[in-house]
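Enquirer: So the protein lines, in turn, are chains F and V.
Everything in the first sequence is counted per this note's numbering, starting at 1 for the first residue and increasing by one.
Everything in the second sequence is counted per this note's numbering, starting at 1 for the first residue and increasing by one.
Hints may be right or wrong, so weigh each one.
[Stated by the list, open to error] Listed next, the in silico DSS-like pairs over lysine-lysine satisfying Cα-Cα at most 25 angstroms (straight line):
hint	chain 1	residue 1	chain 2	residue 2
1	F	Lys210	V	Lys408
2	V	Lys408	V	Lys387
3	F	Lys107	F	Lys543
4	V	Lys69	V	Lys332
5	V	Lys423	F	Lys492
6	F	Lys483	F	Lys444
7	F	Lys210	V	Lys69
8	V	Lys541	F	Lys492
9	F	Lys492	V	Lys417
10	F	Lys357	F	Lys397
11	F	Lys492	F	Lys479
12	V	Lys441	V	Lys468
13	F	Lys492	F	Lys444
14	V	Lys468	V	Lys480
FYI, nobody ran anything at the bench for these hints, they're computed from the structure.
For reference, the chains in residue letters:
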Amino acid sequence: MAHKIMQKFISLLLSAALGAGIVAGAALTFEPAALHARAAEEIDGHRFLTENDGYRLYLKEEDLSLIIEDKATGTIMESAVSYDDGKNNDIWLGAMRSAVVLTLINKSDDTLQADLLNDQVSKTVTTNDHGFTAELYWKKYSLGFTLEVGFDNNGLTARIPESSIREDSEQYFIGTIRIYPFMGYSYLDDKEGYMLVPDGNGALIYLDDKEGRYASGFSGTIYGTDIGFEDSKVETLLWNRYNTIADAEKVLAPVFGIAHTGEGMAFLGIVEDGRERAAIEVVPNGASVDYNRAYARFVLRRLYTQPTSNNSTVGSLRICEADRSHSDLQVRFLFLSGEDADYVGMAAAYRNYLLGKGDLEIREDTYKTRIDFLGSDRQSWVLGTQAVVMTTVDDIKEIYGDLQSEGITDILSVYKGWQKGGLYNLPLTSLSVESKLGGKGDLKSLMNSLQGTDTELYLYDNALLINPDETNATFNVIKKVNKRRYEYTTYKDVYETFYYLTPARSKLLLNRFAKSITSAGTPNLALAGITNNLFTYTYSTEKYTRFDCAAVYAEAIDALASGTNLLLEQPISAYWNDTSVFLDMPLYTSHYILEDESVPFLSLTLKGVMPVYAEYVNFEANGQEFFLKMIETGSYPSFYVTGADSSELIYTNSNDVYSSRYESYRGRILEYTEVFRDLSSRTAGATVTGHVIDGDLRIVTYSNGLKIYLNYGTSPRTADGVTVEGMDYAIVD
Amino acid sequence: MKKAAGNNRRWQKRLLAGALAMGLLGGIFAEGNSLKATADAPYKSYTVDGYGSVTETQTAYLPYKTITKIGDETLLSPTDFCLLEDGTMYVLDSGNGRVVISDPEGEFLGSFGEGTLVTPRGIFVTEDRITYVADRDAKQIFVFDESGALIRSYGRPDVPMYGETQDFLPLKIVVNSSGTMYIVCESNTNGIVEISPVEDGTFLGYFGTNATDANIWTLIWRALLTDAQRAKMRSNIPSTPDNMAIDEKGIIYTVTRGEGQEVLKRLNIAGVNMIEPDTTDTTPAAVAVGNHDNCFVVSQQGFVYEYNNEGDLLFVFGGKDDGQSRIGLASKAEAIQVGSDDKLYILDSDKAQIQVYEPTEFTDYLHEALYLFSKGRYTESKVPLGKVLEMNNLFDYANMAMGKALYKEEDYEGALKYARLAKDLDGYSDAFWEIRNEWIKHHLTAVVLILLGFFLLRACIRMLDRKKHILDTPRAFLRKLGEKKLIRELRYMFYFMRHPIDGCYGIKREGRVSVTAANILLAIGLVFYIINRYFCGFLFKTVREGRFDVLSDIGMVLIAAALLVGCNYLMCTINDGEGKLKDIYCAFIYSFSPYLVMQPFLFLLSHGVTYNEEFFVRFGTLVMFAWVVVLIVISVREINNYTVGETVKILFLTAFTVLIVCLLAFILYVLWAQVFDFVGSFVREVVYRIGS
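When you get a sec, could you build the whole thing from the sequences and use the hints?
Expert: Right under this line is the structure:
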């Protein structure tokens, strides 16, 4: 009783203090949990709006900025910068404090900013039980839209409905929109924590003082860059021919996040609508301003270069897309607190979100030894090309037999280059098998004999590419927005160029191919190419957006998932529900200088949901380290093997497969199978609940209590009484 | 075998010790002013195949850490640095006019040179920590002792031999064990300035001067040009080396911007170059000597090249940071050093940082093999080579070394296979010689017996034929066949090549040949040409393995034939020649008879000989073509009834006409391309304007 009275008294005092405006600033933390049982009227000019089970939402109508307060601890996260260090100009202040920030396109200028502070904006704010809607209109530019903010137990959503977007001017058009770009910001090293970067498997940028080292932040287009806008770039090539820079990893999942680990509060941002044409930006302090921020940038329109002559250096125009892309734009912020306010918590939140939404299904997680085969490729010969036979159907049988004699029967294989004309005779339309591999009869009989066993063999199909040297590629190939055909250059001798099929054509051919393999009784398909590429394109005078492309691909993949046994190669998050295992998970990042730590965010999300296989072991220069990385991330190894020696491939397009002979890998296959089979059985169905980075040491904790200690250093390390030798690991139940 | 095992163990120990040191350093550095190590690279690694073209390989070096500060000291436009055996680093912080010393942990140990240095550009530190700094604008070499106190300085050598008007603008410096300084000076094209420390600096002369590329063509060309045009040409002054390095034996490595043999040189004491690198960069920035008889070159764009001691390229990796901001890419690389643990340190003056790279497992195996191989321990080297090849079957250097190792072990079949993969022609030739030798040894008796049997059989048949006329039927058939017109015309080639004058008479007056026959011969010739081009013995192949471009080959031959015949006919008609087009065509084709007759034999021979006997093939080819030329000259004379003088004149005129026709075709092509481009641009712009 006395306690209650005390509580009341203190909260009264508190409201009084707030009312007097004493309490202000970013570092607004309150100690005893009980203090926050009731909402404050106002925090820093933001009035209380609504609440859910764990958090309260406060709104300031002037700039529509938000404050989210953790009920349990009183910790807050702000969507707008409340502390000005005095170094920022009006444009930046506008960007830092507005709920929505736009860049506008005016002729060939796409740098004009519109926000809620610097411009005259007519604003109609209507609040409701779960948030508010704000109709916004920039008179100067004659454009506007409605911002809808919702707040419930599934987090905070900020949405701009497609139907509300108006562009009434002939001069100004919306280029990009950022919604709450400074959500969860921090100033220099004021707060302890990090930002999550969706680069590769995942990376962190710490919230320390970067001392102005970085001029820009991470910017990654969700689901990969848009080749439809690809300009001829100025690149420094080796001997003016070879691009030595490896492609950056794709943003496979539309997520970002900020964790204030010191205060125990974090958010995970998920781009829900409009993600097909948006980028994730994670910018540390020092890049233009001294604030750390992470946000999504939706793209509605872009400028592009329209060459007017064959020689692109002679004449070209910089022009704007005639029509913007049409889609709702929505970001969801999931707030996390206490122990969950870290990247492991974010991964768990994302997993639960996907499972709850039905975008992910729990699959059977049994370990299978993954051995992919390369059937055949082509090399030049007197007139035309000749087959280079690497792995025949009989070779596969022999390899399976050999593995069975060692007690390995759980096998997952993808057969590449099985088709007539070799690996790059694309696209595929029917089950037409290279006769030198044994032909259709042999392959069918092998696949039939595997039915009902634990060995699975999948036929590989890249449904994106068409080979103009082998097939008529005049029609059904895409052109870029500037109406120039897109050409994918291989820098190889036999087939130098490939084109991209239009999504409709890919779908049609896939459908045909699926029918062909289904009727042959071999409906196992490993799909690549369209699983992680989206593009804007033109085809016979029509322009199609990435949304159109994504819709067609999604239909095609959905249809395949229901009609065949489907595996997807490095799929983007939109298709995760359609594959029974995840092939070719990147274990690292693109190594941007500003990333401080690489973390297995995607692996943590998917572990316990579906089996995840890493990229091929063959081409790793540091074998042991890669092995440890697979154990850390809970990914399984993949081998790419051939019956013949890989030196046979020297004159083919596959000459980057420089090591693949089965005999060379047999020992490692057996060794890895033992390790990962054991690991898989001990972690089956469990999710990762803890991931600790301590110098070279990593400690991974599973929901069933299993702990794995990994040491990437060369000298032994001890933790929790467990000693791990250099470049080794230890498992404790 | 025991010894081998011992060596292996020693190697493992070395690797382990290196790895341990790396780990220790890594652990400490991670705490300091450097960024974390990564396990994957943002760049690809390449190696070259036997034809010098690039193939991808495993990552050779991974970014290990980035040093952006030394202690709390930031660097300003550093231009050079020196890494000592124990890991101490002397960084020439040029923007701040000082030398900064860092311990292996990246902690600041001190600095010196403030106030003395003006525009320092190069630094060298000896093992006993005497620091030499090349200062361009002070026109001095400053020498500092271990404590950083200035002890000596050297200015412009005051001797006539140095060059009366030659300025002294030192950029880079290395010093050998006896204290002799080698200095690269700006705009001094005489070479590297060599100064001995005795008597306050004695000028010893110029060292390692680059040569100019004056060949006969440039001489003729220059003679034809006006002064103004000549001034526009690339200067013919030898280029000054850009940077250099010195190894423990005093061998000096230099790099020079440009192309060809000058780019990377390995100079002995006498200044003689000992390597010929197969592949080089045009803008090398610096060179460093490795620990395994290897050397490294970094280009300004940040491409890092590793060579073995013979100049074979092992790896090239890295690249320019065109705004990607990814770890391990460079903005402007200026200097490179190799640590005793094989780590590479590359100084980037734009980013004012030192990027450290560590070798991968793959590279460690290769280095081990490299070391054993260069010491002649071939059998031992097979173990690491096998590892390398297991990881990369197509690694050219490993294939070559494996071939050599197997050759030493007398496994010639294996040696042949690897030599062919590596395009190691000499190795292939040697292995082939041994195999052939073996074959001859084993099969000589059989061959002699077969030949003997053959002769016996022939004698028997002849005897039987004499007695019983068993060969009458086939003989009659052949005679009948020979009487066919076309066959007779074709067979005329044998007569023509032996009796060209009569032969021409036969073509011109007696109608002994037809266009059809000539066409058939041309077709046969083409087939021989294609077969020989793509399937002759490996040692004589002029095209790359695996490359086929048959259609353009045929096209080229046909165009050449048409040009030659056509132009010759045009010239003959206006020079009172008697020849008709048909006669000229047929005579030309028949002049190639020796080719049709000899080429198949040469082709077979090319499969059986090694470099020891290549003379036979080369000489045979020479005889064949000389014969063809003689026949052509005689034909032109006889068909047109010319004198010797007229013939020579016509031949020159024909050559000239061919040249003119080619020129005309080229001009027409260029003009049409312009027209097409214009029309294309016009249409595109119209379409765009209407469309929008």
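Enquirer: Take the hints in turn and mark each one as holding or not.
Expert: Checked hints:
no.: 1; hint: F:Lys210 x V:Lys408; in the structure: 58 angstroms, violated
no.: 2; hint: V:Lys408 x V:Lys387; in the structure: 19 angstroms, holds
no.: 3; hint: F:Lys107 x F:Lys543; in the structure: 20 angstroms, holds
no.: 4; hint: V:Lys69 x V:Lys332; in the structure: 18 angstroms, holds
no.: 5; hint: V:Lys423 x F:Lys492; in the structure: 19 angstroms, holds
no.: 6; hint: F:Lys483 x F:Lys444; in the structure: 43 angstroms, violated
no.: 7; hint: F:Lys210 x V:Lys69; in the structure: 13 angstroms, holds
no.: 8; hint: V:Lys541 x F:Lys492; in the structure: 22 angstroms, holds
no.: 9; hint: F:Lys492 x V:Lys417; in the structure: 24 angstroms, holds
no.: 10; hint: F:Lys357 x F:Lys397; in the structure: 42 angstroms, violated
no.: 11; hint: F:Lys492 x F:Lys479; in the structure: 23 angstroms, holds
no.: 12; hint: V:Lys441 x V:Lys468; in the structure: 41 angstroms, violated
no.: 13; hint: F:Lys492 x F:Lys444; in the structure: 32 angstroms, violated
no.: 14; hint: V:Lys468 x V:Lys480; in the structure: 21 angstroms, holds
Hints 1, 6, 10, 12, 13, counting from the list given before, are not met by this structure.
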